[in-house]
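*Asks:* What follows is each chain in one-letter form.
Protein chains: 2
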Amino acid sequence: MSTPRILDGKALAAAVLDECRAETDALTNQGITPGLAVVLVGEDPASKVYVANKVRTCGELGFHSRKIELKAKTTQEELLQVVRELNADSAIHGILVQSPPPKHIDEEAIIRAIDPRKDVDGFHPENVAKLVLEDPSGFVPCTPAGCMKLLESAGISTNGAEAVIIGRSMIVGKPMALLLVSKKSNATVTIAHSRSKDLPAICRRADILVAAVGRPEMVKADWVKPGAVVIDVGINRVEDASKKSGYRLTGDVAYQEVAPLCSAITPVPGGVGPMTIAMLMKNTLQAARQLSSM
Amino acid sequence: MSTPRILDGKALAAAVLDECRAETDALTNQGITPGLAVVLVGEDPASKVYVANKVRTCGELGFHSRKIELKAKTTQEELLQVVRELNADSAIHGILVQSPPPKHIDEEAIIRAIDPRKDVDGFHPENVAKLVLEDPSGFVPCTPAGCMKLLESAGISTNGAEAVIIGRSMIVGKPMALLLVSKKSNATVTIAHSRSKDLPAICRRADILVAAVGRPEMVKADWVKPGAVVIDVGINRVEDASKKSGYRLTGDVAYQEVAPLCSAITPVPGGVGPMTIAMLMKNTLQAARQLSSM
Chain A
274 MSTPRILDGK
284 ALAAAVLDEC
294 RAETDALTNQ
304 GITPGLAVVL
314 VGEDPASKVY
324 VANKVRTCGE
334 LGFHSRKIEL
344 KAKTTQEELL
354 QVVRELNADS
364 AIHGILVQSP
374 PPKHIDEEAI
384 IRAIDPRKDV
394 DGFHPENVAK
404 LVLEDPSGFV
414 PCTPAGCMKL
424 LESAGISTNG
434 AEAVIIGRSM
444 IVGKPMALLL
454 VSKKSNATVT
464 IAHSRSKDLP
474 AICRRADILV
484 AAVGRPEMVK
494 ADWVKPGAVV
504 IDVGINRVED
514 ASKKSGYRLT
524 GDVAYQEVAP
534 LCSAITPVPG
544 GVGPMTIAML
554 MKNTLQAARQ
564 LSSM
Chain B
274 MSTPRILDGK
284 ALAAAVLDEC
294 RAETDALTNQ
304 GITPGLAVVL
314 VGEDPASKVY
324 VANKVRTCGE
334 LGFHSRKIEL
344 KAKTTQEELL
354 QVVRELNADS
364 AIHGILVQSP
374 PPKHIDEEAI
384 IRAIDPRKDV
394 DGFHPENVAK
404 LVLEDPSGFV
414 PCTPAGCMKL
424 LESAGISTNG
434 AEAVIIGRSM
444 IVGKPMALLL
454 VSKKSNATVT
464 IAHSRSKDLP
474 AICRRADILV
484 AAVGRPEMVK
494 ADWVKPGAVV
504 IDVGINRVED
514 ASKKSGYRLT
524 GDVAYQEVAP
534 LCSAITPVPG
544 GVGPMTIAML
554 MKNTLQAARQ
564 LSSM
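Protein sequence lines correspond, in order, to chains A and B.
Counted the way the working numbering counts, the first sequence spans residues 274 to 567.
Counted the way the working numbering counts, the second sequence spans residues 274 to 567.
Careful, some of the hints might be misleading.
Remember, identical chains collapse to one label, so a pair may be satisfied in a single copy or spanning two.
Keeping only pairs whose Cα atoms sit at most 25 Å apart, straight-line, the calculated SDA-like set for lysine to any residue is [stated by the list, open to error]:
(1) Lys-456 x Arg-478
(2) Lys-517 x Asp-362
(3) Lys-470 x Ala-427
(4) Lys-498 x Arg-357
(5) Lys-456 x Ala-382
(6) Lys-516 x Asn-432
(7) Lys-470 x Leu-406
(8) Lys-321 x Ser-275
(9) Lys-493 x Arg-478
(10) Lys-457 x Asn-432
(11) Lys-470 x Asp-480
(12) Lys-456 x Leu-406
(13) Lys-457 x Asp-379
(14) Lys-498 x Leu-564
(15) Lys-493 x Asp-281
Because the hints were derived from the structure by calculation, they are not lab data.
Values in this document were obtained by computation on a predicted structure and should not be read as measured data.
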């Protein structure tokens, strides 16, 4: 038992955003103001908070931003039309439709309609394929990109390391696996999930353990090899009568018992979470650069 | 030590082709003759053999086929033009440009130019993304599709199994990992490669071991857990003075010493190899069905 290194996502995100600000200034001096459009359909309170944060961060960096709030009953065709207009708008370099949209919207069709060169979430098939093909001109989904940045900036080598990812989603698990197994990272990567047999034993192999399942405090001390690096992508609300709000936020990792075993670990909140928005801004800058050099 | 089950790819490929023949007859009765175009640039002798086999198999199934042989000095633009014409040709449902093309050809750009609905090799970004997204309307690359078919037809369950894939290529390793980790297959999947530390120990975890590295007989007996299923994707030429040709074909697995340990194993030749062409024909039928129902 020793004191693990806390991978401070809040501080790192602030540093990434400082870099973004400097680059924004340089681009603006060339006459290019990076522009991000965020589309929100409906009234989901959590989505409203996320969208507000993104728009505020744009303001802090000197981006042009556009917030488009649509009624919950907006039709698929109306939403597609909004996306098409943003595709055609030269002041907009990044387009993001806040997930999840209302149930009657076919989210995949909406994502496909976004110009892949403006798909700063990295969910368009074109960008998914670029991730598999290791083509750096594509956009990497923000959360796994943030995890990679946390590892990289802490000087944690992935080369030849055993990485285990719990979760196989399109948003985190699969892209994280592809990033870690790439020729740039060279990790040996295991993708585990709810159907895996003896998940604790699989996780105990990991030099780098990434938890992205959305189950509060699932990863216990006996799931973790002493000295491992633990990246906790989960953000779960659990009831807590001692809190004014009635709940507290917790990750997929039982932090109190796991942290003493680790060489490094991300806290929740303040770990992966803040990195996601920072990487979104980085992606938007990449889009602005790439679109304006065409 | 016991006698392993030999996963006979030659017999299974013949059965798959029988199914294809029946489906071809049914389609032809509806006025649709499946059509495959195979483009060969240059004079590579191995490529010539592959192309001839594909065209011959088309004939055996009652497909329409077109073999387009281009000179080695064909330009990128000339080749693109051929692809465009095939895209526009309603008698052609599948288009395949034999790999590798001459060095001056940008293969990725050629693949991108193929209509994804006719990309029966499954290498177009659109189909790569569909594989990640688990969208069955895409085309799965033929070799990993053949490996999955071998497992399936032998009744080998992947559900919760530990699968280890050696190799992270776009043609085999990555698509195989995506297939095995999908919600349909539910394996726990490890992707290992030349940079992995202690490859033998990683491979010994596998219930299903897939070798796709292209190194003759690399996988030895002490890499294999007793009772494992071994799929050998390698086809390597090694010098052999006792053969008239001066060489023999061998897989990535040291078959003689590994086979007695396995519950099931694919031979080389006669394992994965024959499945590849059978899955190409299946993909072409899928293309013919999908294009004619549009």
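*Asks:* Now look at each hint and say whether the structure bears it out.
*Replies:* Okay, the hints, checked on the actual structure:
With identical chains, the CA atoms of Lys-456 and Arg-478 are at most 25 Å apart both within one copy (21 Å) and between copies (23 Å). In this assembly of identical chains, the alpha carbons of Lys-517 and Asp-362 never lie at most 25 Å apart, being 44 Å within a copy and 67 Å across copies at closest. Taking the shortest Cα distances, Lys-470 and Ala-427 sit within 25 Å of each other only across copies (22 Å), while inside one copy they are farther apart (32 Å). For the homomeric pair Lys-498 and Arg-357, neither the shortest alpha-carbon distance inside one copy (49 Å) nor that between copies (54 Å) is at most 25 Å.
With identical chains, the CA atoms of Lys-456 and Ala-382 are at most 25 Å apart between copies only, with a shortest distance of 21 Å across copies and 32 Å within one. For a Cα distance limit of 25 Å, the shortest separation of Lys-516 from Asn-432 qualifies neither inside one copy, at 42 Å, nor across copies, at 42 Å. In this assembly of identical chains, the alpha carbons of Lys-470 and Leu-406 lie at most 25 Å apart only when taken from different copies (24 Å versus 30 Å within one copy). Proximity of Lys-321 to Ser-275 under the C-alpha cut-off of 25 Å is found in neither arrangement, the shortest distances being 40 Å within a copy and 63 Å between copies.
With identical chains, the CA atoms of Lys-493 and Arg-478 are at most 25 Å apart both within one copy (14 Å) and between copies (23 Å). Taking CA atoms no more than 25 Å apart as the test, Lys-457 paired with Asn-432 passes inside one copy only; the shortest distance there is 8 Å, against 31 Å between copies. Taking the shortest alpha-carbon separations for Lys-470 and Asp-480, both the intra-copy value of 19 Å and the inter-copy value of 12 Å come in at or below 25 Å. Taking CA atoms no more than 25 Å apart as the test, Lys-456 paired with Leu-406 passes in both settings, with 10 Å inside one copy and 22 Å between copies.
For a Cα distance limit of 25 Å, the shortest separation of Lys-457 from Asp-379 across copies, 22 Å, qualifies, whereas the shortest one inside one copy, 35 Å, does not. Taking identical chains as interchangeable, the C-alpha atoms of Lys-498 and Leu-564 are never at most 25 Å apart, the minima being 45 Å within one chain and 52 Å between chains. With identical chains, the CA atoms of Lys-493 and Asp-281 are at most 25 Å apart within one copy only, with a shortest distance of 21 Å there and 44 Å across copies.
Violation of the numbered hints given earlier is confined to hints 2, 4, 6, 8, 14; the remaining hints are satisfied by the structure.
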